Amino acid sequence: MIKTDIASDIKAVLGDKYKIYVDNNSLGYINIDKDMTIEKQIADYESHIVGIFRTQAGEIVALKDLFSSSFSFSIDFIVPIESVVTFYDDVDILISTMNGSLNDNETYRYIITFNSPIPLENTGPIDGVFYQKISLTGFIAHSDQSMFGNDFQVFINEVEVKGVISHNASVHVETDIRTVESGLTPQVLKKYVINTLSLTMHTRLDDTIASDLMRYIYYPQMFEDNPTVSVRVNYNGNTRNWLNAVLIEVTEDTSIGGYVILSCTLMKTVI
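Using the working numbering, you'd call the opening residue of the sequence shown number 2 and step up by one each time.
Treat each hint with caution, since some may be false.
[Unchecked claim] Restraint ranges, calculated between C-beta atoms of paired labels, are given here:
#1 T270 with K18: 18 to 26 Å
#2 Y236 with T270: 32 to 40 Å
#3 P228 with L121: 18 to 26 Å
#4 D207 with I127: 57 to 65 Å
#5 I166 with P126: 43 to 51 Å
#6 N158 with I127: 23 to 31 Å
Honestly, the hints are just simulated from the structure, not real lab data. It should be emphasised that the depicted structure is a prediction, and the values quoted were computed from it without experimental measurement. Cβ atoms here follow ideal geometry from the backbone N, Cα and C, with glycine treated the same way.
Work out the full structure: start from the sequences and follow the hints.
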């Protein structure tokens, strides 16, 4: 998972006296023992400068084949008061080493940028020691591996698209009120299962998927023909195929030079 890898890269620069836990976005932390007691937490604070690495999903990045998405991050460090000066020295080394540099791993690449550290409130005393919370924030753009570890691949007409996906399934029921001996009761006439798939993607203007979708923006009368596409979704080793999904909406969100950010919505109805 990208977040844990980046946290490890940051810790490697800061050194062994630091320990960084990763927030897994479900109110839990990676690398914290399940049987962590208060005593163990205090011992951890005494032996390391502890930081909590949190992320918030950002926007897709319109740089095809270089970066596919981005997120902001914060690392909240709990620093003993007597170590604050050396902490800032260590952070200066971290920023000068990693800020703006391209980190190329086997399956993905990322660029990280840092803001200046911000001192927050003092805490303590914890076992007689006072601490200061210091927040280090920044921004990360990364390539197409999922930062959450749950990789999604979406293909439209067998062309893979990159971006943000929203998937919805619902039941639509048509009813009629009929009078029976016990009173009025609804009678089900038809029941539909409706699947909608919304994609926000970045692509080059001269790519096939972009040119196909942009036609519907400039020639909206094409929607009258109920255009259909095939959709294939790969998720954690599973494959789902939609044949004849109906294209119902296309939006051009942003155009940056030769790149464009497009949103489209597809619908599949099953009776």
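#### Entry: Hints the structure fails to honour
Per hint list: 1, 2, 3 and 6 violated.
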